[in-house]
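Colleague: Given chain A's structure and the hints, the job is docking chain B onto it.
If you read the sequences in order, they're chains A and B.
Mapping the first sequence onto the working numbering, position 94 (from 1) lands on 94, and the numbers just tick up by one.
Mapping the second sequence onto the working numbering, position 146 (from 1) lands on 146, and the numbers just tick up by one.
Just so you know, these hints were derived from the structure itself, not from any lab.
Ideal placement from N, C-alpha and C gives every residue a C-beta, glycine not left out.
Heads up, some of the hints might be wrong.
Said to hold, decoys possible - DSS-like mimics (lysine-lysine), calculated; alpha carbons at most 25 Å apart, straight line:
#, chain 1, residue 1, chain 2, residue 2
1, A, Lys132, B, Lys186
2, B, Lys7, B, Lys186
3, B, Lys186, B, Lys201
4, A, Lys132, B, Lys7
5, A, Lys130, B, Lys7
As the list claims (entries may be wrong) - Cβ pair distances, simulated, as ranges:
#, chain 1, residue 1, chain 2, residue 2, range
6, B, Gly157, A, Gly209, 50 to 60 Å
7, A, Trp97, B, Leu20, 38 to 48 Å
8, B, Thr155, A, Gly304, 39 to 49 Å
9, A, Leu98, B, Tyr79, 57 to 67 Å
10, B, Tyr83, A, Trp192, 49 to 59 Å
11, B, Phe89, A, Arg160, 51 to 61 Å
12, A, Arg160, B, Glu134, 23 to 33 Å
13, B, Gly93, A, Gly301, 26 to 36 Å
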Amino acid sequence: MATIQTADKAGTWVGIGRETLVKWAPLLVLIVLCGFFAAIEPRFLSTRNFARILIAASPALMVATGVTFVIIMGSIDLSMEGTVSVCAVSFAFCFLWLGGTLASWAWLALPFAMLVGAALGFVNGLIHVKLKIPSFMASLAMGFVGTGLAMVMTGGDRIRIEDELFRSLLTERVLGFPLMVYVAGVFLLIAWFIQTRTTLGRNFYAVGGGEDLAIASGLNVSRVRVLGYTVAGVFFAVGALLAVGRIGIAETATGNDFMFLSVTAVVVGGTALWGGIGGVWNTLVGVLIVFVIGNGMVVIGLPGYVQDGVLGILVILAVILSTDRKSISFVK
Amino acid sequence: MSIENLKPYFPWITLAVLVLLVGALNPSFLNPASLVQLVADIVPLFIMALGMTFAIYIGGIDLSMQQVANLVTVVATVYLVQYGIFVAFLCIGAGFVIGAASGWITTRQFVPSFVATLAMGFIALSGARFLSGERALSMNADARDASFGWMFGNTVGIPHELVIAGLLLALAWFLQSRTTFGRALKAVGSGELAAVASGLKVDQIKILAFALSGTFAAIAGLMFSVKLSGGDANLANGFLILAIVAVLVGGTPLTGGVGGVINTLVGTLIVVVIRSAMVYLEVDATMQQMIFGVILIVAIAMTIDRSKMRIVK
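With the rest of the complex left out, here is chain A (with noise of 0.2 Å):
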């Protein structure tokens, strides 16, 4: 008897917040886990730890929260890998060939590095649009060409970018946080300009909400998604530009790694995969509990083969907790 009625309590006190409990789910996840690691381990609560975190966090949020707006059109962008070889390749070509450092005109390598993320996004989503290739394929096959052309472009080599200006977004700190860590910052807030504040960034909620009610309505569907995917390539190209600005290496490999993580991140952050819910701040969150758990479970000393496990285990959690399993009645 005793426990049905702590489960009517407990019911009735979700039903009264359950929207808002959901919506700060993931953050609360994020608490969480923070407090977990750091009662076993204070040194997880340094600002030393917490600028190692963000520094290995900040390109994977850039290109995680590209990918977000082609996510809340309902659609997905499996390119960054390739995207982000192409431009840290591009990048370290150009700013080579254009004097090697900041301080000359090689600057224009940074602003260079992300037309090229925006072609390769726009053609993405022509490919996507105009030929009618669902955009898991599409975007998943122009990956291919965008490694391919970045192999293409190095010959296999690592290119390195020892400009002591460009190198400071690692190097030099502002209240213990490198540099990079404040472009991603800000970089993000434009982002969230872009999602709350442009009538693109609200057509990408009308676009994954209902496709059929967004086209009713007159919004020319095809632009936005070629635009939206334009975008993505754009914070791709911040990511692979953070990513050389880390290691000082730009190569084929660069953009390794960055689509199961970013996806995975997206949809731990509470957006949904079938398009109109969530957005950057969900992104940001969702990365900052991917990557609080990889350093946690270093800094508190898992053996290394446990680590995948259990990352998978804790992701699988902190999706289902942040589901409204009331608004949904099956999911692909």
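Modeller: Just chain B, lined up with the frame of chain A:
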């Protein structure tokens, strides 16, 4: 015959065009013996793609297959001496259980299969790394030949791998087309809500579909392990994306309900012809990945049947 009637055959036509094209450019590609060898070499990939078909057919995806195969290579290598040929049951059981767990997480816990299977893959990877002690293991050669030597023999010029692939294809085709379960799969893939409304036990069907994909991944892993005579937590890496590509190029869309295992056969062959054609036509190694991507876009643009897709996501 109109274009509409030809649509189901687009994947076959694409395959024929590709083979003839490559054959015209380099006739040695059409040498029967080398073609048979070419096809025999991709049997593990084909088996994995067969399993993937079940997951995609119901509108899901199984990203754990590669890690399940990895785990199985390790399990097979470690326990071969102890259990002999019965290690196969252990391997297949492991694949079935992991697949079923993915299915349970997807259907009962509402975690999208993209994430659920990816995460289950991580768990399988942990198992593989733990069991292998993070080393590349090699099989006991005597035990391998005694238990699984038959897998790689030849009968009247036909490699046994092809026979195994053929049997598995027949089994998968039978399940898909000649059983209630197969019809239920199609119903779930075409419209899950309608399937629920018609009284199908959709959850069970989906869990079983994922269990099947896990089982096929395990068989692929076992063959791979025997073929390379070893086990390693990274042995099967690179197969996952190719298996997905093979299914999709064959004409089974991610939305499910259309296509099937025969399509996957064609899709796998298309992927293999493209890959090996680049070797035959002496395409520069650095260019191969890029060209593969471009041809893939062309191939899928040609093969997919858009008439049943109202909205392309």
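Colleague: The structure should be examined with respect to each hint, and the outcome stated for every one.
Modeller: Hints, verified against the model:
1. Straight-line distance between C-alpha atoms of A/Lys132 and B/Lys186 comes to about 23 Å, which keeps the hinted pair within the 25 Å bound.
2. Among the hinted pairs, B/Lys7 with B/Lys186 is consistent with the structure: their alpha-carbon atoms are about 19 Å apart, no more than 25 Å.
3. The straight-line distance between the Cα atoms of B/Lys186 and B/Lys201 is roughly 13 Å, inside the 25 Å bound, and the hint therefore holds.
4. A C-alpha spacing of about 15 Å is found between A/Lys132 and B/Lys7, which places the hinted pair at or below 25 Å, so the restraint holds.
5. For the proposed pair A/Lys130 and B/Lys7, the alpha carbon gap of about 19 Å is at most 25 Å, so the pair holds.
6. At roughly 59 Å, the beta carbons of B/Gly157 and A/Gly209 sit within the given window of 50 to 60 Å.
7. The beta-carbon spacing between A/Trp97 and B/Leu20, approximately 44 Å, falls within the hinted interval of 38 to 48 Å.
8. For B/Thr155 and A/Gly304, the Cβ-Cβ distance of about 45 Å falls inside the hinted range of 39 to 49 Å, so the restraint holds.
9. For the pair A/Leu98 and B/Tyr79, the supplied restraint of 57 to 67 Å holds, since their beta-carbon distance comes to about 59 Å.
10. Judged by the Cβ atoms, the range 49 to 59 Å given for B/Tyr83 and A/Trp192 holds: they are separated by roughly 57 Å.
11. For the pair B/Phe89 and A/Arg160, the supplied restraint of 51 to 61 Å holds, since their beta-carbon distance comes to about 52 Å.
12. Between A/Arg160 and B/Glu134 the beta carbon distance is about 30 Å. The supplied range of 23 to 33 Å therefore holds.
13. Our hint of 26 to 36 Å for B/Gly93 and A/Gly301 holds, since their Cβ atoms are close to 33 Å apart.
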